[in-house]
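As a plain string of letters, each chain reads:
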Amino acid sequence: MSARETGGAPLGLGAVELRDRIVAGEFTALEVTEAYLARARELNSSLHAYQAMDEQRALERARQLDQALVDGETPGPLFGVPIALKANMCLEGAETNCGSRMLSGYRAPYTATFVARALEAGAVPIAITEMDEFAMGSSGENSAFECPRNPWDLARAAGGSSSGSAVAVAADLAPISLGSDTGGSVRQPAAFCGIYGLKPTYGRVSRYGLVAFGSSLDQVSPFARCVRDLEVLLEVISGHDPKDSTSLPLEAFQAERPAELQRLVGLRIGVPRQYQGEGLDESVSTVCDRALAHLESLGAELVPIDLPHTRYAIPTYYVVATAEASSNLGRYDGSLFGSRVEGDGSLQGMFAATRVAGFGDEVKRRILLGTYVLSAGYYEAWYGKAQRVRTLLRRDFESAFESVDLIAGPTAPTLPFALGEKTSDALSMYLSDTFTVPASLAGLPALSLPAGFGGAEPPLPVGLQLIGPALSEARLLRVAAAFEATTGHHAQRPTLSAAGGTA
Amino acid sequence: MPESKLDLLQKTAELARLELNDEQARALGPQFDAILAHFEILAAVDVEGVPPTRGATDLADVRRQDLIQESGPFEALLANAPDRQGEHYGVPKTIGEGE
Amino acid sequence: MSVSQVAGFRREGTEWISESSGTRWIPVIGLEVHAQLRTMTKLFCGCANRFGASPNSLTCSVCTGQPGTLPVLNCDALELAVRAALAIGAEVAPTSKFDRKNYFYCDVPKNYQITQYDMPYCSGGSITVPSGRTVRLNRIHMEEDAGKSVHDQGDSTLVDLNRAGVPLIESVTEADLDNAEDAAAYLSALREILIYTGVSNADMEKGEMRCDVNISVHPVGAPWRTKVEIKNLNSISNVVASIEHEIPRQIAAWEGVGPDPVQETRLFDAEKGTTRTMRSKEGEADYRYFPDPDLPPLTASPAFIEEQRAALPELPGARRARYQAEMGLSAYDAGVLTAARDVADFFEAAARLSGRPKEAANWISNEILRALSDDEYEAQLIDELPLKPFDLADLIGLVDKGTLHMSGARQVLRQMMKSGKAAGELVIELGLEQVQDDEQLEAWCAEALVGREAVIEQVRGGKTKAVGSLMGAVMQASAGKANPQKVREILLRLIGTAE
Numbered sequence: 095m096s097a098r099e100t101g102g103a104p105l106g107l108g109a110v111e112l113r114d115r116i117v118a119g120e121f122t123a124l125e126v127t128e129a130y131l132a133r134a135r136e137l138n139s140s141l142h143a144y145q146a147m148d149e150q151r152a153l154e155r156a157r158q159l160d161q162a163l164v165d166g167e168t169p170g171p172l173f174g175v176p177i178a179l180k181a182n183m184c185l186e187g188a189e190t191n192c193g194s195r196m197l198s199g200y201r202a203p204y205t206a207t208f209v210a211r212a213l214e215a216g217a218v219p220i221a222i223t224e225m226d227e228f229a230m231g232s233s234g235e236n237s238a239f240e241c242p243r244n245p246w247d248l249a250r251a252a253g254g255s256s257s258g259s260a261v262a263v264a265a266d267l268a269p270i271s272l273g274s275d276t277g278g279s280v281r282q283p284a285a286f287c288g289i290y291g292l293k294p295t296y297g298r299v300s301r302y303g304l305v306a307f308g309s310s311l312d313q314v315s316p317f318a319r320c321v322r323d324l325e326v327l328l329e330v331i332s333g334h335d336p337k338d339s340t341s342l343p344l345e346a347f348q349a350e351r352p353a354e355l356q357r358l359v360g361l362r363i364g365v366p367r368q369y370q371g372e373g374l375d376e377s378v379s380t381v382c383d384r385a386l387a388h389l390e391s392l393g394a395e396l397v398p399i400d401l402p403h404t405r406y407a408i409p410t411y412y413v414v415a416t417a418e419a420s421s422n423l424g425r426y427d428g429s430l431f432g433s434r435v436e437g438d439g440s441l442q443g444m445f446a447a448t449r450v451a452g453f454g455d456e457v458k459r460r461i462l463l464g465t466y467v468l469s470a471g472y473y474e475a476w477y478g479k480a481q482r483v484r485t486l487l488r489r490d491f492e493s494a495f496e497s498v499d500l501i502a503g504p505t506a507p508t509l510p511f512a513l514g515e516k517t518s519d520a521l522s523m524y525l526s527d528t529f530t531v532p533a534s535l536a537g538l539p540a541l542s543l544p545a546g547f548g549g550a551e552p553p554l555p556v557g558l559q560l561i562g563p564a565l566s567e568a569r570l571l572r573v574a575a576a577f578e579a580t581t582g583h584h585a586q587r588p589t590l591s592a593a594g595g596t597a
Numbered sequence: 017m018p019e020s021k022l023d024l025l026q027k028t029a030e031l032a033r034l035e036l037n038d039e040q041a042r043a044l045g046p047q048f049d050a051i052l053a054h055f056e057i058l059a060a061v062d063v064e065g066v067p068p069t070r071g072a073t074d075l076a077d078v079r080r081q082d083l084i085q086e087s088g089p090f091e092a093l094l095a096n097a098p099d100r101q102g103e104h105y106g107v108p109k110t111i112g113e114g115e
Numbered sequence: 051m052s053v054s055q056v057a058g059f060r061r062e063g064t065e066w067i068s069e070s071s072g073t074r075w076i077p078v079i080g081l082e083v084h085a086q087l088r089t090m091t092k093l094f095c096g097c098a099n100r101f102g103a104s105p106n107s108l109t110c111s112v113c114t115g116q117p118g119t120l121p122v123l124n125c126d127a128l129e130l131a132v133r134a135a136l137a138i139g140a141e142v143a144p145t146s147k148f149d150r151k152n153y154f155y156c157d158v159p160k161n162y163q164i165t166q167y168d169m170p171y172c173s174g175g176s177i178t179v180p181s182g183r184t185v186r187l188n189r190i191h192m193e194e195d196a197g198k199s200v201h202d203q204g205d206s207t208l209v210d211l212n213r214a215g216v217p218l219i220e221s222v223t224e225a226d227l228d229n230a231e232d233a234a235a236y237l238s239a240l241r242e243i244l245i246y247t248g249v250s251n252a253d254m255e256k257g258e259m260r261c262d263v264n265i266s267v268h269p270v271g272a273p274w275r276t277k278v279e280i281k282n283l284n285s286i287s288n289v290v291a292s293i294e295h296e297i298p299r300q301i302a303a304w305e306g307v308g309p310d311p312v313q314e315t316r317l318f319d320a321e322k323g324t325t326r327t328m329r330s331k332e333g334e335a336d337y338r339y340f341p342d343p344d345l346p347p348l349t350a351s352p353a354f355i356e357e358q359r360a361a362l363p364e365l366p367g368a369r370r371a372r373y374q375a376e377m378g379l380s381a382y383d384a385g386v387l388t389a390a391r392d393v394a395d396f397f398e399a400a401a402r403l404s405g406r407p408k409e410a411a412n413w414i415s416n417e418i419l420r421a422l423s424d425d426e427y428e429a430q431l432i433d434e435l436p437l438k439p440f441d442l443a444d445l446i447g448l449v450d451k452g453t454l455h456m457s458g459a460r461q462v463l464r465q466m467m468k469s470g471k472a473a474g475e476l477v478i479e480l481g482l483e484q485v486q487d488d489e490q491l492e493a494w495c496a497e498a499l500v501g502r503e504a505v506i507e508q509v510r511g512g513k514t515k516a517v518g519s520l521m522g523a524v525m526q527a528s529a530g531k532a533n534p535q536k537v538r539e540i541l542l543r544l545i546g547t548a549e
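Here the protein sequences come in this chain order: A, B and C. Each residue of the first sequence is one higher than the one before, starting from 95 at the first, in my numbering. Each residue of the second sequence is one higher than the one before, starting from 17 at the first, in my numbering. Each residue of the third sequence is one higher than the one before, starting from 51 at the first, in my numbering.
Any given hint could be a false lead.
Simulated DEER-style distance windows between Cβ atoms [what the hints assert, rightly or not]:
hint	chain 1	residue 1	chain 2	residue 2	range
1	C	Gly204	B	Asp23	53 to 61 angstroms
2	B	Gln81	A	Gly119	17 to 25 angstroms
3	A	Ala249	C	Pro144	25 to 33 angstroms
4	C	Asp392	B	Glu86	29 to 37 angstroms
5	C	Asp392	A	Pro336	30 to 38 angstroms
6	A	Ala585	B	Val66	44 to 52 angstroms
Rather than coming from a laboratory, the hints here were simulated on the basis of the structure. By construction, the Cβ of each residue, glycine as well, lies at the ideal position given by its N, Cα and C atoms.
Could you put together the complete structure from these sequences and hints?
Given below as structure tokens:
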């Protein structure tokens with residue numbers, strides 16, 4: 095990216111470049127942390143990306159890193175790089191409230207495996223980001239606290255549920271951040287904010303320390319402004335973790351990083367018929383078609399394909415995810431941690447009063463839905479059925495990948511929508527996940543890249559989603575890198591001022 | 017929304033320890049209904065002979081050695097308790113309730 | 051166990067005959083037993099699996115259900131569970147999985163219990179009790195234990211999660227029982243197997259083994275009626291008492307004017323010896339079971355199953371039969387020796403080394419086991435004694451060779467159990483070596499005959515047994531060192547009677 099004129103301040107750089115320049119002695123980790131804290135203090139009141147910054151902790155860590163460098167320790171791949179963490183990620187002693195009143199004040203008693211790995215690599219956690227409550231939402235509006243704003247138009251949604259993490263990177267409140275993607279919660283906000291978001295293959299990154307929403311779908315996922323940063327962050331956080339029984343027994347991910355960019359000759363890209371037409375905004379499809387044409391110009395072959403069960407993905411996803419959530423969120427009852435409301439004085443009364451007061455409407459709606467689909471007499475018709483249809487959705491991808499190397503299409507069906515536009519209609523909010531949930535249900539890696547801009551005033555970012563077979567992250571990143579090297583969309587940044595609003 | 021469905025909604029809420037008063041149930045009911053109505057398309061899918069997906073990986077037999085790890089951190093765990101009673105977690109009296 | 055008399059009923063076999071109506075009632079009983087597995091750590095985290103620690107000192111982020119934590123299955127728990135299954139001849143399922151049982155309670159930190167619902171790891175198997183009845187098992191599954199709530203302090207219930215996550219197996223019988231005696235016998239047999247195989251300590255006082263009873267009654271020849279579940283039974287005698295109370299209660303309810311028994315869960319009150327309603331069927335939770343997405347399925351390969359089978363010791367029943375048939379022990383001795391696995395192992399080693407199973411059995415049951423309950427000795431378990439099986443074999447050999455007589459051997463054994471010194475060493479140390487010198491023996495014998503004409507006459511008259519009273523005097527004179535066999539020979543020779 096073209097580094098902004100910052101008067102020598104270390105802002106606007108990518109994570110890898112920043113790390114190299116710290117190691118080279120151009121800046122200290124402390125200077126970098128201070129510069130980012132200052133920028134966040136200036137802009138966060140209009141963006142609401144961050145719900146909390148522990149400035150002392152960040153500065154103390156930066157000082158320690160600088161000392162370590164002096165002492166001759168080998169700097170890790172994220173040495174001195176500020177990183178923002180979603181509020182559902184455990185960092186010992188930090189407030190992990192999941193955007194919920196229920197966990198307001200809850201201090202994580204341990205550190206997540208992926209956070210520990212980021213620390214090991216030298217990253218500096220700089221802030222905890224705003225999110226839809228318990229990662230349930232597509233706009234950030236379900237946060238019990240502040241709703242993050244889209245930096246391209248503050249009246250619009252940044253996407254969700256990893257809203258704050260996406261906004262932070264898009265607005266350069268941090269070079270990189272982590273979100274979690276259950277049904278699109280990283281890819282959709284990446285698309286809405288004009289940055290990269292990569293949901294890895296399920297099992298690639300340990301879930302230990304990520305507060306569970308839909309356990310068979312959740313994956314910790316990096317945000318970045320360039321492909322290089324995205325792959326380094328995935329390298330750092332991935333790899334087998336004995337604390338997560340669903341973690342794949344693999345070494346950490348290693349990107350290919352070819353010496354020179356490869357053309358995409360011989361690459362077969364499947365374009366699903368089901369990812370076009372009904373419900374897809376014209377402004378989005380125009381940008382995506384142009385992006386696909388660009389990939390074709392780089393040598394790729396576009397192949398129309400069918401994913402016949404796509405229309406069942408939304409109900410399947412919402413049955414499976416809410417069922418798992420209804421159980422995962424059972425523990426929030428006021429007994430051992432989190433907030434408590436006494437109620438009628440009985441134990442069960444306390445549980446109910448606590449949950450009624452502690453959860454927001456969307457979380458309640460989903461818990462009810464999930465409880466319903468698992469309850470006696472309804473299980474087979476709903477949960478049982480959904481898990482079978484899920485098998486069909488996985489098979490759709492399996493047969494598609496017999497003839498194509500990856501699948502491409504829009505990440506989200508619309509441009510970033512106006513805040514408040516969909517809050518009254520849960521179903522239409524659910525339907526906006528149409529293109530992202532299939533890969534989640536199949537456990538496949540999927541990447542959203544900045545494909546261009548659509549709409550009129552102001553132009554808004556559009557994301558192109560690449561979906562690959564299991565463990566094909568390197569392929570997705572190679573294609574994204576080729577696209578990045580030959581386009582300039584990723585380098586465009588929103589202009590922001592402290593006063594609020596885009597200048 | 018018919019009473020029987022409201023009833024079902026309230027039963028479900030009870031099961032989930034999310035009390036709904038009549039007014040809330042009436043407000044939530046139509047949304048719930050609309051969502052389920054949309055999801056009804058699942059009923060038409062032919063899944064004869066299709067096994068359910070059980071988890072997103074093909075892993076099996078994941079186990080750990082039977083080795084003691086340090087327990088705790090006790091202070092950090094108890095510090096989060098809404099009603100800490102010494103080394104115990106305190107909750108409202110449960111006489112006559114429970115499993 | 052004696053059959054208790056209940057007013058208003060006559061008992062014939064397992065039938066209960068109502069004196070008012072004359073109806074013959076027969077009970078139908080099934081048992082569900084929870085047993086804690088004897089692992090080092092809990093089922094899904096590395097906290098120690100130990101009883102009696104201070105509150106919440108054996109808890110971590112995982113077993114307190116902190117957000118973001120995940121379970122990882124304890125390998126040994128699975129192995130022990132499989133061994134229990136093999137020990138009762140059950141079938142280990144080629145694939146099984148864990149499910150979540152969702153319900154809200156303060157001692158279940160996640161508000162779901164990880165258990166096995168529709169694909170348990172084991173099905174079938176049976177145990178035959180002494181009455182000859184075979185009790186079939188329906189299934190055994192693995193699950194995690196709940197914590198404990200303490201109710202008797204102040205305004206709050208206090209929650210201790212040390213037990214939360216401790217590995218359990220729950221075994222469920224078919225409704226094959228019809229009386230309390232067989233139920234008790236089944237529990238004893240199951241308990242013995244669990245202890246013997248090292249699967250569980252099964253100490254009911256510590257809650258390591260707990261039992262629920264399912265029970266109904268129906269007139270002979272009529273269809274089965276509504277069953278009631280009795281929970282919270284923490285001793286075999288409570289199981290017996292609850293059954294003996296519940297049968298007449300249900301019959302009275304069916305025959306009386308009041309409401310018929312309903313499907314419900316009842317709690318046993320050990321102090322009153324009665325049961326009371328805990329919750330009715332309508333109040334029963336809908337547990338919303340579904341497969342736990344955090345835990346991949348389990349497979350049991352034939353090789354894994356054979357490995358576990360090979361790790362099983364010979365079970366007490368089989369050992370008892372072998373001791374009687376091959377070693378000629380009495381049923382009583384065989385029973386004593388097989389009651390605990392370490393004792394049986396000790397016995398078998400000593401019997402093999404000495405070649406004298408009966409003698410080894412006598413020494414163990416008459417001397418060694420008695421010493422274990424005697425404060426004079428520090429050991430409480432046979433393995434804790436400094437005396438090892440080869441020491442006992444040595445001692446038996448010394449007696450055999452005539453080096454030691456029985457009373458001397460007893461002295462030596464007691465010292466061996468305290469000091470661990472070798473038998474030969476103690477014989478010398480205690481000066482117990484038998485006097486074999488014929489001249490010395492003859493001198494003692496001659497002395498013993500002085501003034502005992504009456505006895506001599508008796509012996510001469512054919513009552514050779516009477517020589518015993520003369521032997522006592524010789525033994526006394528020799529301070530127990532005379533070889534009794536030789537003394538007898540010499541006395542008879544001196545009296546002039548040869549046998």
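What hint numbers does the structure not satisfy?
Those not satisfied are hints 1, 2 and 3.
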